[in-house]
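Required output: the full structure, derived from the provided sequences and hints.
In order, the protein sequence lines correspond to chains A and B.
With full-length UniProt numbering as the guide, the letters of the first sequence map in order to residues 1 to 328.
With full-length UniProt numbering as the guide, the letters of the second sequence map in order to residues 1 to 729.
Bear in mind the hints are in silico, worked out from the structure with no lab data behind them.
Some hints could be false.
Simulated pairs of lysine to aspartate or glutamate, DMTMM-like, Cα-Cα distance not exceeding 25 Å [what the hints assert, rightly or not]:
| no. | chain 1 | residue 1 | chain 2 | residue 2 |
| --- | --- | --- | --- | --- |
| 1 | B | K427 | A | E322 |
| 2 | B | K133 | A | E322 |
| 3 | A | K2 | B | E496 |
| 4 | A | K38 | B | E123 |
Stretch-level coverage of chain B by chain A, calculated; a stretch enters the list once three of its residues show a Cβ under 8 Å from a Cβ in chain A [said to hold, decoys possible]:
| no. | segment |
| --- | --- |
| 5 | 126 to 136 |
| 6 | 542 to 555 |
| 7 | 633 to 645 |
| 8 | 716 to 726 |
Backbone N, C-alpha and C define an ideal beta-carbon position, used for all residues, glycine too.
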Amino acid sequence: MKPFQYTRPESLVHAAQLSQDTEALAIAGGTNLLDLMKLQVETPDRLVDINRLGLGEITENTDGTLRIGALVTNTAAANHPRIRADYPVLARAILAGATQQLRNKATTGGNLCQRTRCYYFTNIDQPCNKREPGSGCGAIEGVARLHAVLGTSTECIATYPGDMAVAMSALDAAVHILAEDESERTVPVRDFHCLPGDTPWRDNVLEPGEIITAVTLPPPVQGKQIYRKVRERSSYAFALTSVAAIIAMEGDRIARADLAFGGLAHKPWHDPRLSTLLVGKLPSAALFDEAGDLLLEDAQGFGENDFKIPLARRTLAAVLAEATETEI
Amino acid sequence: MTAHFKQDGPVESNRLDGMKQGVIGKALPRVEGLAKVTGTAPYAAEYQAANMAEGVLVTATITRGTVSSIDTQSVLAMPGVLAVIQDSRMTTRAAQGTAGQAPQQEPQTVSYWGQPIALVVAETFEQARDAAKQLTITYDAEEGAPLDPQAVESEAKEGQTVNQGDLAHAMAEAAHSVDVTIDTEGHASAAMEPHAAIAQWEGDKLTLYASLQMLNYNIAELADALGIEEEDVRLRAPYVGGGFGSKLGISEEAVAAAIAAKQLDRPVRVVMSRQQVFQCIMRRSETHQRLRLACDDDGRLTGFGHDALVSNLPGEAFAEPVLQSSHFLYGGDNRSLSLNVARIHRMTAGSVRAPGEAVGMPALEVAMDQLAEEAGIDPVELRLRNIPERNPEEDLPFSSHKLAECLRQGAEAFGWDSGPRTPRQHKEGEWWIGTGMASAARVHNVSEAKVRVSLIADGTALVRTDMTDIGTGTYTILAQIVGEMLGLPVDKVMVELGDTQNPRGPGSGGSWGAASIGSAAFMACHALRKTLAERVGTSEEELSLKDGIANSGPSLVELLDGKELSELGHYEPGDIADDYTASGFGAFFAQVRVNRFTGEARVDRMLGAFGFGRVLNAKTARSQCLGGITWSIGAALTESLMFDPNDGHLVNCDLAEYHMPVHRDIGEVEVLMVEERDPVASPIQAKGIGELGMCGGAAAIANAIYNACGARLHHFPMTPDRILAALPD
Ligand SMILES: Cc1cc2nc3c(=O)[nH]c(=O)nc-3n(C[C@H](O)[C@H](O)[C@H](O)COP(=O)(O)OP(=O)(O)OC[C@H]3O[C@@H](n4cnc5c(N)ncnc54)[C@H](O)[C@@H]3O)c2cc1C
Ligand code: SF4
Chain A
1 MKPFQYTRPE
11 SLVHAAQLSQ
21 DTEALAIAGG
31 TNLLDLMKLQ
41 VETPDRLVDI
51 NRLGLGEITE
61 NTDGTLRIGA
71 LVTNTAAANH
81 PRIRADYPVL
91 ARAILAGATQ
101 QLRNKATTGG
111 NLCQRTRCYY
121 FTNIDQPCNK
131 REPGSGCGAI
141 EGVARLHAVL
151 GTSTECIATY
161 PGDMAVAMSA
171 LDAAVHILAE
181 DESERTVPVR
191 DFHCLPGDTP
201 WRDNVLEPGE
211 IITAVTLPPP
221 VQGKQIYRKV
231 RERSSYAFAL
241 TSVAAIIAME
251 GDRIARADLA
261 FGGLAHKPWH
271 DPRLSTLLVG
281 KLPSAALFDE
291 AGDLLLEDAQ
301 GFGENDFKIP
311 LARRTLAAVL
321 AEATETEI
Chain B
1 MTAHFKQDGP
11 VESNRLDGMK
21 QGVIGKALPR
31 VEGLAKVTGT
41 APYAAEYQAA
51 NMAEGVLVTA
61 TITRGTVSSI
71 DTQSVLAMPG
81 VLAVIQDSRM
91 TTRAAQGTAG
101 QAPQQEPQTV
111 SYWGQPIALV
121 VAETFEQARD
131 AAKQLTITYD
141 AEEGAPLDPQ
151 AVESEAKEGQ
161 TVNQGDLAHA
171 MAEAAHSVDV
181 TIDTEGHASA
191 AMEPHAAIAQ
201 WEGDKLTLYA
211 SLQMLNYNIA
221 ELADALGIEE
231 EDVRLRAPYV
241 GGGFGSKLGI
251 SEEAVAAAIA
261 AKQLDRPVRV
271 VMSRQQVFQC
281 IMRRSETHQR
291 LRLACDDDGR
301 LTGFGHDALV
311 SNLPGEAFAE
321 PVLQSSHFLY
331 GGDNRSLSLN
341 VARIHRMTAG
351 SVRAPGEAVG
361 MPALEVAMDQ
371 LAEEAGIDPV
381 ELRLRNIPER
391 NPEEDLPFSS
401 HKLAECLRQG
411 AEAFGWDSGP
421 RTPRQHKEGE
431 WWIGTGMASA
441 ARVHNVSEAK
451 VRVSLIADGT
461 ALVRTDMTDI
471 GTGTYTILAQ
481 IVGEMLGLPV
491 DKVMVELGDT
501 QNPRGPGSGG
511 SWGAASIGSA
521 AFMACHALRK
531 TLAERVGTSE
541 EELSLKDGIA
551 NSGPSLVELL
561 DGKELSELGH
571 YEPGDIADDY
581 TASGFGAFFA
591 QVRVNRFTGE
601 ARVDRMLGAF
611 GFGRVLNAKT
621 ARSQCLGGIT
631 WSIGAALTES
641 LMFDPNDGHL
651 VNCDLAEYHM
661 PVHRDIGEVE
671 VLMVEERDPV
681 ASPIQAKGIG
691 ELGMCGGAAA
701 IANAIYNACG
711 ARLHHFPMTP
721 DRILAALPD
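In structure tokens form, the structure reads like this:
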């Protein structure tokens, strides 16, 4: 861990201004950042503590939306009565992540910004284009079990590892961002994380000096909500693949199908074509297969993670079967 | 005085059963439990020393070659940095168990990625860690180090090859046979307490607080590495936060701390990071095993073949002893066994809990399940039919042997269904549910042990040895043995462990601790009883001691008459090991569910029935079994060391990515301890317990996976991807 300065600013804008320095990083729960600092993966000169700046509330807006402050802990969000009742996919996704102790500290903003668990990214004595641009990618020719099969580039095949954001992507939530000049912008969660392309060091759209202030969930919708996470041990493991689904039926037919996937890409994977394919159709094994084909048509494995392609297809089928009560 | 006993024959007297105190075998809570849960039992890194400096190991980033230079100037100007230590006496690997001499030294020669090469010492841990990362090192790398055990020529491990009869012929003529190849991946010990040492010199005398399992060997290893006399070294490890083999020998931080403390003339603490513990201590070798089993129409084995390939670094004598129990568990006249070692440049392979059987037994027991299926015989019955009368290779009698009882009692308690075993018969929603079983076996070991037992004038007892308690219950069982023999409740027996100023114990390892040190304590108490009997005016046999009173008459305090009475118990395993085959046996039963979409496997319930001689404490014994079964579940489903194919470094080197089972992975677990006294095993009729619980358990789970879903896997761990790939359509 490199020596650093610790600052606790008086206001959000001040925090944003301090974060403008490329050598500064915001610290929320610290459950990801401090681990990476100990490994010398993150080496900020300054930590800007954004705790105690009033971002810890969940508020109900009059238009039916729900605003989750960036400092709301994962535990508080997962246990909030409105989230449990109206957005169970989110509550379940959060509870499927990490452990109780970690969730007590982990925050909404920090969870969105958590970094990849790629083994080469976290080992500074190995090549990694994300950590050290131009040094190469250790995973492509190495151990790629955790890695992406969708939206990869020749530079980086890492995954975004989180669960919460996958549910938020299915829900089509929005991220509120404050800049150092006091301007605010809102970005859909679906557009918040980036694909690696030729800028693998870039996880998301945040610019230096920008701070997440909240996430807004749209008004609740009808339908069954499911979060299914596949992993070799039943807790305290990142997803081999995960599916967040909001599926509503009208009579025998599918009326809504909002789906997002974890463990497959550098971002929670949302493919709008799936909804177009599924809505209006009678559920069947053949339809679920077709959905799998569409989802994975461009999927590419890297040896160790080839299994994710059939696994994602099967998990999608399982979730659709459960949601539509179809025997397959 | 010394009460020395060398065991050349069975000890049938079973004296512990005739005592009056009634504490032996009882499920008493651990005597040090309160200190541990209240944080007052200090672990190695928690000792305080004035003016202590902090050291952090620097590790190599090449696979093989030499360190050509370390630019110490690059960090010496950093705040707080005191020294960069490069000393040819520093060790580069952990010592193998019972080595008793320094492991590989000369850290400038690199033979695996992650090998320690230097130590940075600073005023604070953070300063040292930062400087260790900033150090500029240049290497002369030697390319092309072999990394893949199956891609290199291997060498036969001597003393392991058996060729008896004609296995090929037996296979060809057999009514039923199986010939399968099974792979297991590397395992880590992953003890909770990281490897740590605090070194402190007074003149030429070194005191080292460390986290070690076998101080009796470690003292010699450390002295040898430093080039000093054992008399000048004192090791202290009264509490050890788990070892599982990884702390059998001294590891790199201990020697480095001692050298740094001497050079800086102040105490130095070195604690390995979690990543370092994974990358530079010990791995259990991956194995590649071929099993050949042939039987007649009745399922009686006519041929038995087990060949295994393991790996280690060049120069390491240790080879995962995969075949250990295969030599005697089942009969079969035509036998062929061999063990080969591939020399590769991954970190050192060494003992990890139950070396050998932990991976050999699961492979054998999967093959046995397949044979049972081929022959159409219930798997429990197949095992019962193949228990040999005598060791089939050495023609020796067994000591007490409880495999049949464990199989029968375990099947009964589990509710084993001996009917047909067609896969995919039970479905619950998305899950297929199945059952499986396997035998357990683990060779029994004992080792020389000394302990001083003193009766203090106030009528309490004091037990002193350098034996360790690595979380297993040594403190408690020693208090129970001494309490039982001397007629004292356990709270009147003080036990002092983990200090080389005390007599040499056997060390904790190979599951031999309790039987060995317990027997030494028993010998000491026996001698003390003789003296007390004389004072009472009776014979030792007639002496009855309970709650500090002798033969309902004088109290111990009166008999001692203000003077301490002390005996050194000295137990030595004698020639008896040449006359018998002694082993712990058992049986595992598992019920497992497999998700038909995702291939996830979860253990609903598991039962282990074990025979391991006298149970000294029903609670600590059961805990050992629970731990073993938990390891079985990890070995079956999740645990695997992953190595980079290009430089051989361990990639999943923390507890987040090396997947040991979590609480939620452990369903209902039941332990059944079969009543047994083994007069051959030790004078207290106890055998080893600690490792048996994982010697075969993974196969019960694998066989249950097959029974659940029809996927017959030959690769541990059985992760969802492997299960999906093996699922029949
Ligand atoms: C062992 C382990 C297992 C885990 N398992 C899972 C899992 O299964 N699923 C899962 O989803 N997660 C898992 N996690 C990750 C965990 O959810 C994250 O560590 C946590 O959510 C991060 O939140 P934090 O508040 O602690 O972030 P911090 O560590 O404080 O920050 C993380 C990053 O976010 C930035 N940041 C934080 N807040 C803001 C903000 N408001 N605006 C801008 N930037 C910000 C920081 O600068 C930093 O770069 C696991 C973590 C660990 C250590
Ligand atoms: S996959 Fe991405 S994060 Fe991992 S090593 Fe390659 S570049 Fe780095």
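Checked hints:
Straight-line distance between C-alpha atoms of B/K427 and A/E322 comes to about 16 Å, which keeps the hinted pair within the 25 Å bound. Distance check on the hinted pair: B/K133 and A/E322 sit about 50 Å apart at the alpha-carbon level, beyond 25 Å; violated. Restraint check: the Cα-Cα separation between A/K2 and B/E496 comes to about 42 Å, which exceeds 25 Å; the hinted pair is violated. For the hint linking A/K38 to B/E123, the alpha-carbon distance of about 18 Å falls within 25 Å, and the restraint holds.
Counting residues of the segment 126 to 136 of chain B whose C-beta sits closer than 8 Å to any C-beta of chain A gives 4, which meets the bar of three, so the coverage hint holds. Counting residues of the segment 542 to 555 of chain B whose CB falls under 8 Å from any CB of chain A gives 0; the rule of at least 3 is not met. As drawn, the segment 633 to 645 of chain B meets chain A at 6 residues by the rule of a beta-carbon pair under 8 Å; at three or more, the given contact holds. Counting residues of the segment 716 to 726 of chain B whose CB lies closer than 8 Å to any CB of chain A gives 6, which reaches the minimum of 3, so the coverage claim holds.
Hint compliance for this structure: hints 2, 3, 6 are not met, and every other hint is.
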